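Protein chains in written order, with this note's numbering: chain A, 1 to 304; chain B, 305 to 608; chain C, 609 to 912.
Note that these hints are calculated values from the structure, not bench results.
Here the structure is a predicted model, which is why all the values come from computation and not from measurement.
Mixed in with the good hints there might be a few duds.
Listed next, the stretches of chain C that the computed footprint assigns to chain B, with coverage defined by at least 3 CB atoms under 8 Å from CB atoms of chain B [what the hints assert, rightly or not]: (1) 637-644; (2) 651-662; (3) 704-717.
Taking lysine-lysine and the DSS-like style, the derived pairs with C-alpha atoms no more than 27 Å apart in a straight line are [as the list claims (entries may be wrong)]: (4) C:K612 to B:K333; (5) C:K892 to A:K4; (6) B:K576 to C:K880; (7) A:K284 to B:K588; (8) C:K612 to A:K4; (9) B:K588 to C:K612; (10) C:K892 to C:K847.
Glycine included, each C-beta is placed from N, C-alpha and C at the ideal position.
So you can see what is in the structure, the chains are spelled out below.
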Amino acid sequence: MRPKHVVESQQFTVPLLLQLFERSAQMEKLVARGGTLDYQDRIMATLFYEPSTRTRFSFESAMYRLGGKVLSTEQARVFSSEVEGEQLEDTIRIISGFADVIVLRHNEAGGARRAAQVSSVPIINAGDGKGGQHPTQALLDLYTIHRERRSLDGLSIAIVGDLDQGRTVRSLAYLLSKFERVKIFFVSPPEVRMKQDILQHLDEHEVWYAIESDIAKVLGEVDVVYQTRIRPERVSDRKSIASYGITAKVLHAMRPNAMVLHPLPRTVEIDKAVDDDPRALYFKQAKNGLFVRMALLTLVLEEE
Amino acid sequence: MRPKHVVESQQFTVPLLLQLFERSAQMEKLVARGGTLDYQDRIMATLFYEPSTRTRFSFESAMYRLGGKVLSTEQARVFSSEVEGEQLEDTIRIISGFADVIVLRHNEAGGARRAAQVSSVPIINAGDGKGGQHPTQALLDLYTIHRERRSLDGLSIAIVGDLDQGRTVRSLAYLLSKFERVKIFFVSPPEVRMKQDILQHLDEHEVWYAIESDIAKVLGEVDVVYQTRIRPERVSDRKSIASYGITAKVLHAMRPNAMVLHPLPRTVEIDKAVDDDPRALYFKQAKNGLFVRMALLTLVLEEE
Amino acid sequence: MRPKHVVESQQFTVPLLLQLFERSAQMEKLVARGGTLDYQDRIMATLFYEPSTRTRFSFESAMYRLGGKVLSTEQARVFSSEVEGEQLEDTIRIISGFADVIVLRHNEAGGARRAAQVSSVPIINAGDGKGGQHPTQALLDLYTIHRERRSLDGLSIAIVGDLDQGRTVRSLAYLLSKFERVKIFFVSPPEVRMKQDILQHLDEHEVWYAIESDIAKVLGEVDVVYQTRIRPERVSDRKSIASYGITAKVLHAMRPNAMVLHPLPRTVEIDKAVDDDPRALYFKQAKNGLFVRMALLTLVLEEE
Chain A
1 MRPKHVVESQ
11 QFTVPLLLQL
21 FERSAQMEKL
31 VARGGTLDYQ
41 DRIMATLFYE
51 PSTRTRFSFE
61 SAMYRLGGKV
71 LSTEQARVFS
81 SEVEGEQLED
91 TIRIISGFAD
101 VIVLRHNEAG
111 GARRAAQVSS
121 VPIINAGDGK
131 GGQHPTQALL
141 DLYTIHRERR
151 SLDGLSIAIV
161 GDLDQGRTVR
171 SLAYLLSKFE
181 RVKIFFVSPP
191 EVRMKQDILQ
201 HLDEHEVWYA
211 IESDIAKVLG
221 EVDVVYQTRI
231 RPERVSDRKS
241 IASYGITAKV
251 LHAMRPNAMV
261 LHPLPRTVEI
271 DKAVDDDPRA
281 LYFKQAKNGL
291 FVRMALLTLV
301 LEEE
Chain B
305 MRPKHVVESQ
315 QFTVPLLLQL
325 FERSAQMEKL
335 VARGGTLDYQ
345 DRIMATLFYE
355 PSTRTRFSFE
365 SAMYRLGGKV
375 LSTEQARVFS
385 SEVEGEQLED
395 TIRIISGFAD
405 VIVLRHNEAG
415 GARRAAQVSS
425 VPIINAGDGK
435 GGQHPTQALL
445 DLYTIHRERR
455 SLDGLSIAIV
465 GDLDQGRTVR
475 SLAYLLSKFE
485 RVKIFFVSPP
495 EVRMKQDILQ
505 HLDEHEVWYA
515 IESDIAKVLG
525 EVDVVYQTRI
535 RPERVSDRKS
545 IASYGITAKV
555 LHAMRPNAMV
565 LHPLPRTVEI
575 DKAVDDDPRA
585 LYFKQAKNGL
595 FVRMALLTLV
605 LEEE
Chain C
609 MRPKHVVESQ
619 QFTVPLLLQL
629 FERSAQMEKL
639 VARGGTLDYQ
649 DRIMATLFYE
659 PSTRTRFSFE
669 SAMYRLGGKV
679 LSTEQARVFS
689 SEVEGEQLED
699 TIRIISGFAD
709 VIVLRHNEAG
719 GARRAAQVSS
729 VPIINAGDGK
739 GGQHPTQALL
749 DLYTIHRERR
759 SLDGLSIAIV
769 GDLDQGRTVR
779 SLAYLLSKFE
789 RVKIFFVSPP
799 EVRMKQDILQ
809 HLDEHEVWYA
819 IESDIAKVLG
829 EVDVVYQTRI
839 RPERVSDRKS
849 IASYGITAKV
859 LHAMRPNAMV
869 LHPLPRTVEI
879 DKAVDDDPRA
889 LYFKQAKNGL
899 FVRMALLTLV
909 LEEE
């Protein structure tokens, strides 16, 4: 059941997800007691064509907590742009000679899949392109919900933001479609609605969803508000953007045991006053990324 | 007495400084015999919003010599500038989930203090803003003097350069004010004199100081010449700049057991002919940064 | 026989080369069985004034496979350019206090030699300037040929590309001149022919060579085609460039046991259809860089 590569969220079956969450919980206990594993002879390369300090540090910390070593690049594109016509495939073939696993953030959708086709070591997609995927983010999102609720079946969730270009929310929607009786509210300004391909996928898997533009309507009904950024330049009615934000007033309308998640970084869409509410789980969610990535690394690096 | 964070030089009391110097000397012996400590499960993150290869390598080498691991970023700003309105506080909250200590170089004065307010792990200020502080530089400066003289009481020092914007010399002045019978000569072109806030601090602590613009007048009287850069664009009489430099002739006027220090990098303000003089201690001073930073890391990472 | 620094390929004698190849083969076996050596207290710094992810990762992976630690910089120039007049020599003096070996990629020819003159730890040249050297590339090229042929004496090789500015091919030519009965065909457009200094060096060492502009003429005669890039802007007859490329047709004219090498990255000068031919050894060559760099690191870090 072990995956060779982690390219897109669809590849995870429910049993594999549950195994991953179980292992992530073990990693959380390992880190809490200051322990480590015996990966001291394993090398992970983080090959980032776009900088993302947080995602990179999350993976690198995961490898270090396992005892392993890290080859790191903040901005591989600066280099590759120097040689016009250079191919990602060649770079991957070469780097797979130097590392035991490659974590790739690529600037084009499909980059991770192309890398996986030629790599002799596991590829983990850490985000590819604007319309691509970011499966490990979706896995840590789901782990955070699963950790609090003990189950994903029957989940009711509002996904808020510029949904059409959000690779995070796209990956999340694919994963949610695998569970039973899930209800998804896609809440966004009309110009940046979730794209048709995802809605069609949900239709095919008979997942209930609704398209909303008023967050207030759904707050009382959901277990999770999954908040993301809305870029003002992408919306015609800029004044309306504030109405999608999470404030103390919005919190008040939420269920007492609901949770607010956000892939971070945030700008103005979650008020700082919300941070101290026990339902504000976004920093815990970021920390959970460490455990999920440790678990993923152990899965792909497992000996045959 | 253990500090939680290292934000500004003022926070160090004389007993804590002496403890730090004692521990730095132990680290020097440890490195000399090729030994290490048992920090293999501890992770340090260097979060640099401005690049500084030397300061970063000094901290990273310190963590490695202790046996620990390093998350590294050369230029965190490239990343953060992409997301307008992103907050340092959020970044620190997230990264403190991935590392056991964060070494922060920030581009704004006060950055380290803001980070310390929200971090769940120790913050070490590796320089913040032009008018801010660089306390670990001041600590290694002081350690270098203490190591040679065995005491800081009664020290006579000339601090030379653009003093108004030098965070290094500001941090150093705060530390010197804690010792007995110290004499400070601030030597600079008139446009870039030491700022009033530092002079007032010295007055309050009854430290003797003088404002000079002729280095020749003080050379015979001081134990230390602490040299820094003068940027020509900040001075009206550019021809005068050469008169602040250290040359063989200047050395000749210094006491035989005096020392020349410089936080480096230098440009023209210390002639290369000076490098071979036994009083030229600036490369030794840079190396001492390793031992002081090892000592600081052990202090902030000590178990409660 | 141990070298203190690795600055240029000429410094390697034939016995030292053979010792290096023997040790590289041992490293290959070590990595194959997942073993490591006891370098856990040794630190290597990669100081790159020009980014080169592949070369940097190759060295860093080598140090990790030996068990050691790595201080890394992707783009030291961003930093150093901020301080006009800053000297490489000062940077090296400081960093040699933090690391046990420095791998330097510098933007000026002669940078590595300047660094070696002041460093208290070994310097390894990872490329310096356009007309400079890249000796470790030449060493891995030669190791790859030696590994396949068991000997370099009597080798017949075509070196193809913009030869006048290629530091890789310059370093390689110096090394080849040390062996017996070597035949070198320099194949390039007339504007970018191998420079006179190298040809003169070959004359002095009585090495047979020929200047060619038609690759087809030599294909049947050589053991190795060493292919490099031709930049179109450097050649007047741009249409002719394709004639220097390696295609299935070119392969057909080569000997059955010949090899195609390339320092990589390639653009269009080797067709992807060639990759699956057993004579296409360029990815294996890149991987061999790991073993050669491990061997070099053990040589320069060996205790007196």
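Status of the hints after comparison with the structure:
1. Note: the region 637-644 of chain C has 0 residues with beta-carbon separation from chain B under 8 Å; the three-residue rule is not met and the coverage is violated.
2. Counting residues of the region 651-662 of chain C whose C-beta lies closer than 8 Å to any C-beta of chain B gives 3; at least three are required, and the coverage claim holds.
3. With 3 residues having a Cβ less than 8 Å from any Cβ of chain B, the region 704-717 of chain C passes the three-residue criterion, so the hint holds.
4. Restraint check for K612 (chain C) and K333 (chain B): satisfied, since their Cα atoms lie roughly 25 Å apart, inside the 27 Å limit.
5. Restraint check for K892 (chain C) and K4 (chain A): satisfied, since their Cα atoms lie roughly 23 Å apart, inside the 27 Å limit.
6. Straight-line distance between C-alpha atoms of K576 (chain B) and K880 (chain C) comes to about 53 Å, which puts the hinted pair past the 27 Å bound.
7. The straight-line distance between the Cα atoms of K284 (chain A) and K588 (chain B) is roughly 44 Å, outside the 27 Å bound, and the hint therefore fails.
8. Distance check on the hinted pair: K612 (chain C) and K4 (chain A) sit about 43 Å apart at the alpha-carbon level, beyond 27 Å; violated.
9. Distance restraint check for K588 (chain B) and K612 (chain C): the Cα-Cα separation of roughly 23 Å lies within the 27 Å cut-off, and the hinted pair is therefore satisfied.
10. Of the supplied pair hints, the one linking K892 (chain C) and K847 (chain C) is violated, its CA atoms being roughly 31 Å apart against a limit of 27 Å.
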